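Novice: Line by line, the protein sequences are chains A and B. Sequential numbering of the first sequence, starting at 1, is according to my numbering. Sequential numbering of the second sequence, starting at 1, is according to my numbering.
FYI, nobody ran anything at the bench for these hints, they're computed from the structure. Do not rely on the hints blindly, as some may be mistaken.
It does not matter which identical chain is meant; a pair holds if it fits inside one copy or across any two.
[As the list claims (entries may be wrong)] With a Cα cut of at most 27 Å, we get these calculated DSS-like pairs of lysine-lysine: (1) K279 / K250; (2) K250 / K152; (3) K212 / K337; (4) K86 / K212; (5) K279 / K152; (6) K152 / K42; (7) K86 / K337; (8) K86 / K152; (9) K86 / K311; (10) K328 / K180; (11) K311 / K202.
Quantities reported herein were computed from a predicted structural model and do not represent experimental measurements.
Protein chains: 2
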Amino acid sequence: MTLPNIVSNTRVVRASYANKARVTEAQFRVESNLEIDLSSVKEGEVILRNLYLSLDPCETPAAWRTLNDPFYGLGVAEVIASGCEKYPVGTLVSVNTGYEKYTRIAGLNDPNTSSDIRVLPAHARDESTGVPLSNYISALGMPGLTAFAGLKVLDIEAGKTIFVGSAAGGVGQLVGQLAKTQGLRVIGSAGSDEKVSYLVEKQHFDGAFNYKTENAREALTRLAPNGIDYYYDTVGGEILDLVLEIINDKGKILSIGMVSQENGKEPYPIRNLNYIARKGVSILGFIYWHHLQYFANGELDGTIRPLLERKEINYREEVFDGIENAPKHFVNMLDGKYAGKVVIKIADL
Amino acid sequence: MTLPNIVSNTRVVRASYANKARVTEAQFRVESNLEIDLSSVKEGEVILRNLYLSLDPCETPAAWRTLNDPFYGLGVAEVIASGCEKYPVGTLVSVNTGYEKYTRIAGLNDPNTSSDIRVLPAHARDESTGVPLSNYISALGMPGLTAFAGLKVLDIEAGKTIFVGSAAGGVGQLVGQLAKTQGLRVIGSAGSDEKVSYLVEKQHFDGAFNYKTENAREALTRLAPNGIDYYYDTVGGEILDLVLEIINDKGKILSIGMVSQENGKEPYPIRNLNYIARKGVSILGFIYWHHLQYFANGELDGTIRPLLERKEINYREEVFDGIENAPKHFVNMLDGKYAGKVVIKIADL
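Model the full structure from these sequences, guided by the hints.
Specialist: Right, dumping it as structure tokens:
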């Protein structure tokens with residue numbers, strides 16, 4: 001694509017600190033017609049043309065620290081101006097691009113700063129394999145890494161049972177399907193009957209339940225006749241307290257975040273931690289940036305991409321057009337209105 | 001020692017179910033003049049002459065299920081009548097002997113029952129090395145295994161800081177000293193100034209504080225200038241909630257029990273579990289019987305006994321005479337009146 005020297009940026013910024021239980025569209029502001037001169041790129045800088053943006057539920061107002069900057073988000077982008085040998089023009093990358101059309105990243109030649117830029121493999125460009133480029137911020141990006149590395153940390157064994165919280169979400173759907181390929185019994189919870197059906201019918205789950213309409217203790221007893229050995233927890237709070245009580249001896253819980261405890265809520269008081277020592281159970285805290293080696297060494301791509309190409313796993317994205325629509329979709333996503341991983345398409349490759 | 005064919009047993013039994021916050025002496029009953037005919041030993045049985053009994057804080061009334069049986073406790077004993085080739089007369093063993101002078105154990109030839117009898121190494125008898133036989137229910141017994149295997153599970157690294165709860169207890173004193181031999185900074189909490197002094201002056205701790213008189217947050221900040229990397233938790237509750245908040249990134253917590261949550265108390269509601277995912281922290285539940293291989297393969301004895309013989313570690317026991325005094329000492333122990341591991345001497349070797 002031939003670009004003019006001057007491009008016009010649009011971005012979504014944080015307009016006000018949130019002081020309510022839920023994020024609203026009014027807390028964002030869309031700014032447009034911000035000119036960027038590509039010839040202004042300096043030594044140690046790149047300018048990116050952003051293609052896809054990931055809407056991540058963890059980016060709740062509790063994380064807002066500054067106003068008037070683009071809201072935080074991981075993107076897939078193409079380098080369109082470069083002052084850095086490592087990232088020549090035309091390179092496809094994934095990095096925190098934020099909620100905007102073009103992003104300037106500086107300081108790349110400074111050995112003391114870490115840019116966290118991930119250079120995508122050459123085949124990322126080839127969508128004829130049936131794997132869309134947007135997957136590099138979902139199944140092959142941070143959610144994919146979180147699922148893949150999280151299961152490695154859990155050190156799952158065939159024949160055992162794993163329970164996946166938020167199973168229809170960007171991470172959960174992959175956790176369940178990957179565990180299934182490794183011979184586990186997989187059960188999940190989701191917030192609508194449609195998601196529950198999708199998990200069972202399209203994503204190979206052995207069972208799933210709607211946590212909004214069915215009692216969790218009864219559902220887990222029904223769906224896990226041999227009990228639960230692993231719990232992949234994204235929720236925390238009441239359901240974690242229940243799992244601590246009913247999990248099998250030597251069970252393991254991976255905690256990647258506690259979405260039920262975000263948005264300024266009073267923490268749910270956990271009362272069942274005594275089961276940890278009584279049953280030899282572990283709770284393992286997981287942070288994805290401790291596991292970035294699976295990007296660098298190609299293990300994530302090498303494991304999940306072939307499964308996607310052969311359609312042995314089915315990754316569900318909801319892709320919406322236009323960066324200016326990102327606030328609306330972010331709020332809808334937090335309200336549980338979408339199924340699968342939510343992605344904004346900003347531009348064609 | 002030549003024994004008559006008929007020996008007279010004395011035992012301490014559970015007289016009533018506890019329904020109070022604390023155990024009292026009135027909940028026990030001492031029974032004596034119970035005759036055991038050694039010639040009555042049957043195929044697959046042994047009769048033991050008990051030498052030392054361990055008083056274990058985990059054996060609180062919550063664990064009482066039957067009345068009129070000897071109260072539960074691990075002992076060191078000598079086989080004095082045997083109907084089982086594996087345990088000839090004269091063998092020293094450690095097993096759940098209960099609170100009594102003589103114990104009959106049956107069913108040893110039944111492959112479907114597990115007796116959990118540990119045969120002690122030959123050198124256990126040799127007290128001239130400075131290692132008393134009673135150590136086989138303390139530093140070289142279950143508390144030793146709990147400390148030794150617990151540190152293996154934590155996978156501690158030199159240069160880091162470990163905080164040990166109940167540091168003057170039967171497990172804690174060994175955890176601290178073993179961690180110290182592995183190059184860690186070791187800090188602990190205890191319930192009296194005398195215990196605190198002992199930990200620092202005699203047991204090589206880098207620092208300790210009296211949790212009854214000093215604010216734990218201030219003490220931990222003062223004693224751990226580089227923060228806490230590992231917490232060996234025997235307490236649970238409020239202190240665990242504090243450690244979750246202040247522990248370093250990637251910190252690990254070993255939970256071997258939650259003595260603050262026993263005795264029928266309402267569980268302390270933990271509010272800081274969200275730090276687990278935020279900091280990549282793990283809580284690892286530990287049960288000693290998952291780690292009995294360190295008895296069988298000699299690794300526990302081979303590691304700790306030389307340290308005791310060379311006086312590189314110093315294990316503090318309080319040994320009291322007479323099985324009939326066990327209830328009083330058990331209650332005193334739960335009330336924190338003793339320092340070190342509490343042992344009842346029942347008979348000479």
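Novice: Indicate, hint by hint, whether the structure satisfies it.
Specialist: Consistency of the hints with the structure:
no. : hint        : result
1   : K279 / K250 : both (6 Å within a copy, 23 Å between copies)
2   : K250 / K152 : both (17 Å within a copy, 16 Å between copies)
3   : K212 / K337 : within (14 Å within a copy, 51 Å between copies)
4   : K86 / K212  : neither (49 Å within a copy, 58 Å between copies)
5   : K279 / K152 : both (22 Å within a copy, 18 Å between copies)
6   : K152 / K42  : neither (41 Å within a copy, 51 Å between copies)
7   : K86 / K337  : neither (40 Å within a copy, 67 Å between copies)
8   : K86 / K152  : neither (31 Å within a copy, 43 Å between copies)
9   : K86 / K311  : neither (34 Å within a copy, 59 Å between copies)
10  : K328 / K180 : neither (34 Å within a copy, 56 Å between copies)
11  : K311 / K202 : within (11 Å within a copy, 65 Å between copies)
Of the numbered hints given earlier, the model fails hints 4, 6, 7, 8, 9, 10; all others are met.
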